[in-house]
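The listed protein sequences correspond, in order, to chains A and B. Residue numbers for the first sequence, in this note's numbering: 1 to 497. Residue numbers for the second sequence, in this note's numbering: 1 to 904.
Keep in mind that the hints are not guaranteed to be accurate.
Computed Cβ-Cβ distance ranges for the label pairs, DEER-style [unchecked claim]:
{"no.": "1", "chain 1": "A", "residue 1": "Pro481", "chain 2": "B", "residue 2": "Asp495", "range": "22 to 28 Å"}
{"no.": "2", "chain 1": "A", "residue 1": "Leu272", "chain 2": "B", "residue 2": "Pro696", "range": "50 to 56 Å"}
{"no.": "3", "chain 1": "A", "residue 1": "Ala265", "chain 2": "B", "residue 2": "Glu165", "range": "51 to 57 Å"}
{"no.": "4", "chain 1": "B", "residue 1": "Gly731", "chain 2": "A", "residue 2": "Thr474", "range": "43 to 49 Å"}
{"no.": "5", "chain 1": "B", "residue 1": "Lys481", "chain 2": "A", "residue 2": "Thr150", "range": "33 to 39 Å"}
{"no.": "6", "chain 1": "B", "residue 1": "Glu566", "chain 2": "A", "residue 2": "Pro481", "range": "33 to 39 Å"}
{"no.": "7", "chain 1": "B", "residue 1": "Glu61", "chain 2": "A", "residue 2": "Ser108", "range": "24 to 30 Å"}
{"no.": "8", "chain 1": "A", "residue 1": "Thr474", "chain 2": "B", "residue 2": "Arg439", "range": "27 to 33 Å"}
One side of the interface only, derived from the structure: several residues of chain B facing chain A at Cβ under 10 Å [unchecked claim]:
{"no.": "9", "residue": "Pro337"}
{"no.": "10", "residue": "Pro340"}
{"no.": "11", "residue": "His343"}
{"no.": "12", "residue": "Leu438"}
{"no.": "13", "residue": "His692"}
{"no.": "14", "residue": "Tyr863"}
{"no.": "15", "residue": "Thr864"}
Hints listed in this document are in silico derivations from the structure and should not be mistaken for laboratory results. We treat Cβ as the ideally placed atom computed from N, Cα and C, and that holds for glycine.
Chain by chain, the residues run as shown.
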Amino acid sequence: MTDLEKLSLELKTQSLASTTRRHFIKDCALGLGGIAMSSLLGACTSSRNNYDPRLNRALNPLAPLPPPHFAKVKSVIYLHMVGAPSQLEMFDYKPELAKLHNQPCPASLLDGKKFAFIRGVPNMLGPQAEFERVGKSGNWVSDNLPHFKTVVDEVAFLKAVHTDQFNHGPAQLLMHTGSSRFGRPSLGSWVTYGLGTENQNLPGFVVLTSGGTPDAGKSVWGSGFLPSVYQGVQCRSKGDPVLYLKDPKGVSRSLKKQVLESINALNYKDYLHYQDPEILTRINQYEMAYRMQITVPEVMNINTEPDYIKALYGVEPGKESFANNCLLARKMVEEGVRFVQLYDWGWDSHGTDHGTAVDLGLKNKCRQIDRPITALLLDLKQRGLLDQTLIVWGGEFGRTPMQETREGKTMQYKGRDHHGEAFTMWLAGGGIKKGASYGQTDDIGYSGVEGRVSVHDIQATILHLLGFNHEEFTFDFQGRPFRLTDVEGTILNQILA
Amino acid sequence: MKLKNSLFFLIILFGSVLLYRCDSPNSEVDFSSQVKPLLNAKCISCHGGVKKNAGFSVLFEEEAMASLATGHPAIVPGQAEKSRMIQVLTENDIEQRMPYRKPALSREEIQLLSDWIDQGAKWGTHWAYVPPIKNEIPSLSSSFEEWGSKAHPIDGFIGKKMREENLVPNPKAPLAVLARRAALDLTGLPPNRILFDSFVNQQMTYSTYLDRLLENTAFGEHWASWWLDLARYADSRGYEKDPARSIWPYRDWVIRAFNQDMPFDRFTQLQLAGDLMPNPTADELVATGFHRNTMNNDEGGTEDEEFRVAAIIDRVNTTFDVWQSTTMSCVQCHSHPYDPIKHKQYYELMAFFNNTRDEDTPDEAPIYRGYSANEEKKLQSVVEWVKEKGSAEKATYFERFAHVLEPKFQLHNCTDFVLGELSDSKYLALWNNGSAYLRNVDTQGHTSLYFYYSAGVEGTVITLRKNGPKGAVLGQLALQKANWTVAKIPFAKQDEPFDLYIEAKNNRLGPEQNTSRIHWFAFAPDLPGKKEKGYVAIEKTYLDVLNAPESTTPILVENPSFMQRETRLFERGSWLAQGELVTPNVPENIAPWDVKWEKNRLGLAQWLVSDNNPLTARTLVNRIWAQLFGKGLVTTLEDLGTQSEPPTHPELLDWLSVDLMTTQQWRIKTLLKTIMTSSTYQQSSQWSEEKHTRDPLNTFYAVGPKKRLTAEQIRDQALYVAQLLSKKMYGPGVMPPQPDGVWEHQYLGNLWKESKGEDRYRRAVYTFYKRTSPYPSFVSFDAGSREVCLINRTPTNTPLQALVTLNDPVFLEAAYAFARRYPYSNSPKSIISSLYEDALYSTPSEERVALLLTLYEAAIKEYTAFPEQLIAFFGTEDTPEKEVAALAVVANAVMNLDEFLTRS
């Protein structure tokens with residue numbers, strides 16, 4: 001270490017001591033009384049003329065905070081393919097596996113391994129798709145994703161991601177909360193806790209699902225031990241876009257406004273009596289609820305988009321679809337939502353029926369995402385948003401190079417079992433090295449042989465791009481500081497621009 | 001280069017400043033309150049339970065004083081200057097200086113550590129590990145006039161500190177405010193109007209008022225909600241499939257226990273070890289549901305043993321979270337990073353829990369099978385038969401077997417499959433000519449085999465042989481087509497353990513077709529009186545009863561001696577890397593073990609509630625206090641360990657803890673009444689500018705407690721004031737209205753079947769708790785998902801909450817019903833005034849009524865102009881008069897007031 005490095009380290013440690021998230025939040029809360037009163041309710045003092053109560057953490061726990069370090073992106077769109085998509089039919093081309101098709105799996109791959117369903121000795125299953133090198137990067141993409149081929153140079157692949165969980169629920173939890181057990185905050189919760197959100201009329205952490213809720217349930221967007229205000233808010237395509245958003249029959253907008261004014265006026269009287277700042281927070285929250293009632297339906301309405309955009313994504317207005325959700329994700333990010341989490345259900349290609357066969361149902365699933373994802377990348381790019389947004393694509397694990405056998409029986413359709421040893425994910429957007437491909441699996445795609453990447457590495461990298469040092473970004477709970485990446489995680493500089 | 005050098009020089013200068021030491025004489029340094037927090041904050045993450053860099057750890061005294069690799073200890077008692085530990089704190093080079101690559105310690109901090117070493121480096125015990133003593137109550141005579149001369153112990157302790165801080169208490173809250181506060185705190189509901197009036201009109205003392213509230217069965221329902229968060233109670237099993245679970249009898253047991261004011265020591269023992277009580281009653285067994293609230297993974301392809309172990313680990317962690325305010329989950333992988341608990345001790349604790357019969361199976365065995373009165377009568381006829389033909393002892397055996405059906409062998413433990421496999425990784429499924437082994441079966445010489453199976457085809461014969469395909473036939477099952485049925489066959493007597501070889505035959509089946517699915521085998525003696533008339537009927541009756549349980553509550557049942565599991569330490573917490581063998585033991589540095597206790601769960605429970613355990617009573621007092629004041633005497637409710645915040649009033653915490661264990665006999669109602677009769681509790685919750693400045697967090701309790709109501713209270717209160725709330729108690733979880741699509745299962749569809757009639761309006765505690773999709777309005781108001789123990793719900797204040805109470809059909813229905821309580825009159829003003837008073841238990845000022853009247857008139861105007869707005873008003877099927885509708889709008893507003901959503 002050079003002297004200069006030591007010096008800069010010294011300065012960094014100094015400044016660190018004074019500015020942790022917690023301090024910031026705590027200081028805010030303590031200084032609240034006077035500030036809030038004067039600003040929120042109009043009796044402004046000259047120095048606080050421009051004070052907006054929505055930007056005060058104590059009045060609004062989602063008020064934006066500056067990132068602690070230099071940030072490459074402002075928001076995240078995370079596309080999770082629930083059930084675990086088959087890397088072997090999408091991105092990880094294995095010609096050698098084709099040669100071994102239908103041959104019994106070598107014992108060396110089975111010894112001491114546990115699979116969810118495979119028992120006994122399964123046969124190898126060659127790739128059930130055609131592959132080609134595409135774009136300037138020459139990265140492999142299968143013909144299941146024809147549109148995606150045109151934007152392949154925007155993304156950076158991680159070809160040797162691994163996880164130690166091979167059941168859906170625990171693996172999804174690990175991917176989104178850094179732990180396979182329940183009770184930890186999700187990635188989106190950490191991010192909105194640390195950064196707040198830009199648009200106070202929309203939730204800061206939005207969840208959009210197509211096909212159903214992920215296996216691990218709502219805990220994958222839960223706030224764990226963080227305050228529940230940081231949990232994901234599910235925005236829905238059917239019914240109220242946010243639960244209880246719609247005014248009931250008998251209450252027009254103008255009457256609702258009067259309802260809220262009455263509530264807030266009475267609450268303000270209580271504030272004058274009790275002088276409890278929490279009452280001011282409530283007044284603020286009711287105003288936000290009222291604005292949200294207008295803003296959320298606007299954002300959730302895709303009909304107002306021009307036809308060529310709708311066609312680009314292939315949306316199906318009025319339905320719950322992944323395409324609609326991709327367009328909604330763009331709209332949300334455009335409006336300043338911090339974290340948009342998409343879950344698309346139906347990727348669990350066991351081959352127990354037509355829908356889960358890797359040569360049949362999987363092709364349909366790919367078709368459902370191919371166009372929307374391509375459109376999302378292009379649309380963000382044309383709006384200049386791609387550079388400040390991070391897109392993450394992946395599942396909770398990958399799939400075996402062996403054909404699944406279940407209960408020792410012959411399977412009618414071609415399917416693959418759960419596989420955590422090696423699978424593909426990709427990232428795109430701000431700070432990502434375009435066209436990169438990091439990591440490699442062996443000839444049959446069973447294990448990573450180079451550039452193995454853990455779930456915590458990906459989480460560390462996402463936090464890094466948002467301006468956090470994942471080792472410093474902690475929350476004290478049960479007597480110890482917790483972090484998303486637990487005690488692991490290395491930033492993946494190999495895919496950073 | 002020049003710049004670099006000069007900057008570096010600056011650093012050296014800075015370092016030299018750090019070296020400067022103040023030589024003034026120093027007072028005695030206290031290890032626990034001064035040194036330990038500093039070590040924990042600055043040193044222990046690299047020199048503690050997780051990492052021992054340079055071989056140095058400050059977790060245990062012997063480690064801190066030991067010689068390092070260099071041969072010298074880092075701490076030389078009496079000689080700070082010779083202690084390496086102090087030297088490294090003042091190094092100039094940031095690469096050498098400790099904490100490594102972190103900001104240097106302040107001069108004062110270094111001084112403190114130096115003084116401590118100079119004074120002999122005396123180690124100490126963290127306050128929470130020293131048993132509490134009953135400190136003398138500070139005299140109130142020096143305190144405040146407002147609090148009178150009659151000393152309440154709590155006020156003595158609180159008053160002393162307040163005076164030291166030059167604060168004065170608030171006056172007593174107005175009686176109406178106090179009445180609502182106490183009622184919501186004890187029953188979760190606003191007070192009954194008659195009771196309220198007699199208290200406010202001073203026809204009833206405060207003490208009697210509290211007694212009435214404590215007698216109300218609503219008390220148990222309210223306090224159960226608090227306990228059920230700790231117990232992680234839910235009506236579903238969790239994980240991917242998250243199917244329903246029938247464990248509500250445990251929830252009802254908790255409600256009853258609170259209402260009976262069961263002493264907390266007994267409450268503890270029954271929940272942790274009710275099954276180990278002599279001849280346990282149904283209630284005692286159901287109480288053990290506490291630890292069957294762990295999740296059960298029914299996802300296809302999951303390894304049952306992995307999730308059995310996960311459940312056991314959760315039981316260890318939860319026990320320590322709930323009773324000891326100690327985070328055990330850290331110790332799973334390594335010694336505790338901060339608290340003096342070693343890695344091995346975790347597994348010694350796990351050994352207490354590791355010998356129960358449950359194995360993460362889909363039937364959730366062991367379960368307590370409750371029978372309807374009719375079935376119970378049939379069972380008693382069998383019991384009578386056994387008593388008559390056999391013995392009273394045998395009768396008890398068969399009665400218990402009918403209720404518990406243990407021990408049994410789960411067939412997911414089968415191995416060596418030929419033509420067959422586990423179906424869905426759960427049940428034995430053999431094809432024609434298929435076979436498998438169940439190893440090491442001990443029948444205890446029993447000759448009846450009960451088994452649980454499902455078969456879609458007729459004609460299967462399962463033959464059971466001893467030790468292998470050539471072995472003697474021990475029994476044969478001819479399976480009829482059936483959907484999960486208990487059946488029985490005779491079984492050849494075996495006195496020694498053996499391997500059971502199971503083979504299936506059904507020539508009618510094609511290849512790879514399952515003959516059946518078998519869940520378990522259980523061995524029992526034959527019913528006595530085989531040769532007597534009526535035996536066949538009795539046998540049938542018994543089997544019929546076994547097949548007709550009304551309720552099935554997961555419970556704990558200890559493994560019999562021949563099924564004992566050994567417990568091994570998990571290396572780095574991984575259940576696949578099992579190490580050293582361990583036996584049940586408690587961390588005796590917390591509290592000593594009494595040899596008269598058995599080394600089982602019951603002994604563990606006795607240890608937890610023993611007088612010498614310093615953590616249990618403090619934990620309970622702290623959390624009950626927090627339920628009333630919104631924060632604990634130790635603000636870190638989940639942790640009393642060395643990383644916790646120090647108590648704001650340590651002597652009070654200890655006084656109450658000892659009082660709870662002795663005078664109060666562990667009774668929670670007594671503890672509540674003790675706290676609530678203090679002047680501290682009865683203060684007005686009004687803040688002043690001065691108090692905001694002087695004590696913004698109300699650390700010294702000069703302001704009475706104000707709290708936002710819990711999710712459950714918010715729902716219950718709305719239904720209560722609307723006079724919709726059902727008084728029905730107990731029973732399976734109910735499903736009040738929730739929006740469509742909230743609980744949509746991928747392949748099972750919408751499983752939320754809206755309850756009809758009274759069940760729509762039950763108290764929140766009875767709402768079906770679905771782990772992967774909890775009731776939406778509860779989630780908005782900070783309820784958890786009950787997947788793991790939740791000690792503290794952090795209250796939040798969000799726009800989504802406003803949307804719930806403004807727009808959720810449940811709250812709209814309540815507002816509409818509330819409005820309809822008032823017959824139409826010509827004076828909306830007086831109606832509004834009554835409505836306000838009925839909701840908030842306080843008379844509104846003219847000004848407040850005027851504000852609401854303006855809203856009422858605006859609504860009238862709107863409905864006059866647009867009468868179609870009244871059709872299907874508030875989502876109901878009604879078209880009310882515009883006056884009723886306008887009043888409902890006012891009710892909706894009132895039910896959203898801060899005053900309504902909180903209790904002052």
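Here's how the hints hold up against the structure:
1. Pro481/A / Asp495/B: 22 to 28 Å: violated, 58 Å
2. Leu272/A / Pro696/B: 50 to 56 Å: Taking Cβ atoms as reference, leucine 272/A and proline 696/B lie about 18 Å apart, which means the hint is violated.
3. Ala265/A / Glu165/B: 51 to 57 Å: For alanine 265/A and glutamate 165/B the Cβ distance comes to about 36 Å; the hint is violated.
4. Gly731/B / Thr474/A: 43 to 49 Å: Once the Cβ atoms are compared, 44 Å apart, the range 43 to 49 Å for threonine 474/A and glycine 731/B holds.
5. Lys481/B / Thr150/A: 33 to 39 Å: violated, 57 Å
6. Glu566/B / Pro481/A: 33 to 39 Å: Between glutamate 566/B and proline 481/A, where Cβ atoms are some 36 Å apart, the hint holds.
7. Glu61/B / Ser108/A: 24 to 30 Å: violated, 50 Å
8. Thr474/A / Arg439/B: 27 to 33 Å: violated, 48 Å
9. Pro337: holds, 6 Å
10. Pro340: Nearest chain A Cβ about 13 Å off; hint violated.
11. His343: violated, 15 Å
12. Leu438: Interface hint status for leucine 438/B: violated (17 Å vs cutoff 10 Å).
13. His692: OK, holds: histidine 692/B within 10 Å of chain A, min 4 Å.
14. Tyr863: holds, 8 Å
15. Thr864: violated, 12 Å
The structure fails hints 1, 2, 3, 5, 7, 8, 10, 11, 12, 15 (numbered hints given earlier, in ascending order).
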